[in-house]
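Here the protein sequences line up with chains G and P, keeping their order. The first sequence lines up with residues 1 to 479 when you count with the working numbering. The second sequence lines up with residues 1 to 479 when you count with the working numbering.
Since the hints were derived computationally from the structure, they do not count as laboratory data. We put the beta carbon where it would ideally sit given N, CA and C, even for glycine. There's no promise every hint is true.
Going by beta-carbon spacing under 8 Å, a handful of chain P positions derived as facing chain G [claimed, not checked]:
| hint | residue |
| --- | --- |
| 1 | Gln118 |
| 2 | Ser241 |
| 3 | Lys377 |
Number of protein chains: 2
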Amino acid sequence: MAESGIRLYYKNVTAEVIGVENGITDAQFDDLVAEFDGRSSKTGPLITELNRQRAAGRTPYRDLPYNTEYPADVKQLVSELAGRCENFVVLGIGGSALGNIALQTALNPYMYNIDDAQRKGRPRLFVFDNVDPVQFGSFLDWVAGRLDRTIFNVISKSGQTVETAAQFMIIRRLLLDKIGSEGLRNQVIATTDATKGILRSISEDAGFRTLIVPEGVGGRFSVLSPVGLFSAAMCGIDIDSLLAGAKDMDKRVRCEEFSRNPAAVIAAINWHYYNRGKNISVMMPYSYALRDLADWYRQLWAESLGKAKGHDDKQVDIGPTPVKALGATDQHSQVQLYREGPNDKLFTFLQVENFNRDLKTGPAPAPAPELGYLAEKDMGVLLNSEKTATEYALLDSQRPCITVFFPEVNARTVGEFIYLFEVATSFTALLFRINAYDQPAVELGKEATFALMGKPGKKDRDLARQIRSLTEVDKKFLV
Amino acid sequence: MAESGIRLYYKNVTAEVIGVENGITDAQFDDLVAEFDGRSSKTGPLITELNRQRAAGRTPYRDLPYNTEYPADVKQLVSELAGRCENFVVLGIGGSALGNIALQTALNPYMYNIDDAQRKGRPRLFVFDNVDPVQFGSFLDWVAGRLDRTIFNVISKSGQTVETAAQFMIIRRLLLDKIGSEGLRNQVIATTDATKGILRSISEDAGFRTLIVPEGVGGRFSVLSPVGLFSAAMCGIDIDSLLAGAKDMDKRVRCEEFSRNPAAVIAAINWHYYNRGKNISVMMPYSYALRDLADWYRQLWAESLGKAKGHDDKQVDIGPTPVKALGATDQHSQVQLYREGPNDKLFTFLQVENFNRDLKTGPAPAPAPELGYLAEKDMGVLLNSEKTATEYALLDSQRPCITVFFPEVNARTVGEFIYLFEVATSFTALLFRINAYDQPAVELGKEATFALMGKPGKKDRDLARQIRSLTEVDKKFLV
Chain G
1 MAESGIRLYY KNVTAEVIGV ENGITDAQFD DLVAEFDGRS SKTGPLITEL
51 NRQRAAGRTP YRDLPYNTEY PADVKQLVSE LAGRCENFVV LGIGGSALGN
101 IALQTALNPY MYNIDDAQRK GRPRLFVFDN VDPVQFGSFL DWVAGRLDRT
151 IFNVISKSGQ TVETAAQFMI IRRLLLDKIG SEGLRNQVIA TTDATKGILR
201 SISEDAGFRT LIVPEGVGGR FSVLSPVGLF SAAMCGIDID SLLAGAKDMD
251 KRVRCEEFSR NPAAVIAAIN WHYYNRGKNI SVMMPYSYAL RDLADWYRQL
301 WAESLGKAKG HDDKQVDIGP TPVKALGATD QHSQVQLYRE GPNDKLFTFL
351 QVENFNRDLK TGPAPAPAPE LGYLAEKDMG VLLNSEKTAT EYALLDSQRP
401 CITVFFPEVN ARTVGEFIYL FEVATSFTAL LFRINAYDQP AVELGKEATF
451 ALMGKPGKKD RDLARQIRSL TEVDKKFLV
Chain P
1 MAESGIRLYY KNVTAEVIGV ENGITDAQFD DLVAEFDGRS SKTGPLITEL
51 NRQRAAGRTP YRDLPYNTEY PADVKQLVSE LAGRCENFVV LGIGGSALGN
101 IALQTALNPY MYNIDDAQRK GRPRLFVFDN VDPVQFGSFL DWVAGRLDRT
151 IFNVISKSGQ TVETAAQFMI IRRLLLDKIG SEGLRNQVIA TTDATKGILR
201 SISEDAGFRT LIVPEGVGGR FSVLSPVGLF SAAMCGIDID SLLAGAKDMD
251 KRVRCEEFSR NPAAVIAAIN WHYYNRGKNI SVMMPYSYAL RDLADWYRQL
301 WAESLGKAKG HDDKQVDIGP TPVKALGATD QHSQVQLYRE GPNDKLFTFL
351 QVENFNRDLK TGPAPAPAPE LGYLAEKDMG VLLNSEKTAT EYALLDSQRP
401 CITVFFPEVN ARTVGEFIYL FEVATSFTAL LFRINAYDQP AVELGKEATF
451 ALMGKPGKKD RDLARQIRSL TEVDKKFLV
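The following block holds chain G by itself, in its conformation from the complex (with noise of 0.2 Å):
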């Protein structure tokens, strides 16, 4: 069907297919396009706006499926380490950890780690994207007599991120004990800010090489940077095809027709059934491979678009709770809830057409011939057969749902995807009229924990007095 690229399937949110109380009508539609053509809104035609935005720089993550230079020294880095790198470790959170994990498990065998024939050579991946001394701990037990066949990637902007910081110091004195101030050096590689910040300070006294976090871009837009690119060009991910799949669909998200924009039309959708009360966003890959793509699109549409807009009274909280989900296996867990349940949802499936391989199941064991149908069948196949067989059990409940088609599940595809929902992102906010770039809602618990972990001045010490008496356990509470 799809020719080359993903494509984007939306006839199963019409109301021809679910009825005119939750399907979208052909006059809703129009009042989409003309929301998207200006004819409705205040700031103009919202692609040419978006156009217009990324012209002028304020969008920089659309550069970067351009930048030589990025892939450029990713590389350089690569061929650097060839041979001395049997195991790679991302210290990185949110922006910097999500989109790490999301390329891995799409794009490399789900063996990797465990499996050498499977991994040719290259490094194991580990990401750590949080501070759990359990956890951590049964790394560093594994990882203390493999330290100089271990390299570290510290990825943070600032390197004020206190996860960050945290597994930092751990690490910086594991290797200092270990294997010295050299081995420190060789085996640290710092992803940061190009010219300011702790993590540039300490990258320069103690001699790490270096990548750099670009400008302006957001964590959870950065995956098509030095962030994302280097653990996977490690891994021997193909980061040219995959930058050449965000250029095409640059190339598509770019067109001012709104029925041909892919990433305007996501977008649409969305919004308009948040408007209308679906407050959650599922999306649902039937495929492994995808599963993690999942969990970075959950960060980019939660952090991008719940945002508060307004003051006092007049506030009005914004936001569609996006939710991971995984077919076939969340069938057995919330398929159940998605059509008996309140019809609070869109659903967005994640498809692919042709699987990399696909396994035949074998003959139907004698005494159980009620498994004839299954005899000899591909499990890609049944995988595909159930996502049709889902989703016509939700449109028969009336849920609306879209699907992404991939072709293929590879570097060119992925890069496509993952550039087509940071755009329909974008889109979404514009809708929205918020700003999809900064989240202002984290600071009040960075500087929450800051002041508990004494961060000296009287204002971390009046903020922890007052944090504490909020949350000290009152025993009249506790069962």
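On the provided structure of chain G, position chain P as indicated by the hints.
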């Protein structure tokens, strides 16, 4: 704070803390008590009612902690297999996988499958709960040369579960091809119905050893049966303590005094908020070990509580959508939405009071005095400070929060937690007046899959035709 067992803390849902618009007032709390003590209910006091259902044998999952045969059967098999099993593979889906995964993540080291030293002679564990040919193929490539040291535990009550049947047929052929029918018999263990069903017939024919899926215990309530116990015991988890923890909790959740019954309080708070437009229930452990318990809860909650009630015009679709999040990781992904997005969520945190180990950060690097506040701190203290900080920030935005405190993570507290949320589910269903134990809405998808896979019969062929005409791609809607 907690003496021995896990504790529920719910002060941060009160109007006193988060205000009258989003908090529970004293009057509303009295209404919840009234709902439970039967003053405002047709069924009479709900705790008495659930205790009565249990005594009448209508909730067989409640008996699992007291069953002595199941753990004995499991331990017998574990000792038979000792020394000849390097890899243990669960083939199951939904309730035949999520509990197994949750126990393993909670109670074994993060590096268990990779680090022989941390595995201490026990088998690696793999749980396959999907039919993805790329994922499963990667595993088959690795396991093909290790079949005689690998046990496959096929779990399905009926044997008709299409995903598990397909996996089993592939493994069966592989075993027959590589190590013959004796190898097949030795390497497969079925967990299935005691007397009937396809998998029982196949097992008898092939001579498989078997364990029992108890009668009347739905998949999502089966983790404390041989379904969950076998893989756990094989991997060294203390299943006696797990069951002892569940027994401890059973005493607490039978208590007819509402305010001393943690399952009743959880149910009441969830019901209260769902009825007031908070249709999303986020479970957010601040512990990697507890991460997959949130996924187990996701199935328990969604399949049990996502239910349509009444018919035709009077049908009401019920069901909070459970969402899994992870602290501190998701502070960098979801907390922006959680604070500034719509106030449509109830938060359930899981917090560990004493981590099984801790790690000190080390000194701040010289060029970064800004990190002085983090020097020589415990990572576990940081993680718990982040939980407190995030809760503080959420309370500042009037979002309701409850916390389950684990004194530590071990088999006993995990057993308590599982049983607590199972019974909380039963109470919540009583409040909604729905059946927690069926899942009628998944049938249509199953039938549709059978039809699409070519199950013989006119009805199936007609259904397949209907599905194809509805889901066939219409290029007009393809972008």
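* Mind checking the CB of Lys377 (chain P) against every CB in chain G and telling me if the closest is under 8 Å? => Holds. Min distance 6 Å.
* Was the hint right that Ser241 (chain P) lines chain G, CB cutoff 8 Å? -> Because about 18 Å separates Ser241 (chain P) from the closest Cβ in chain G, which is outside the 8 Å limit, the hint is violated.
* Given hint Gln118 (chain P) near chain G, where the shortest CB pair must fall under 8 Å -> holds, 6 Å
The structure is inconsistent with hint 2 alone, although it conforms to all the rest.
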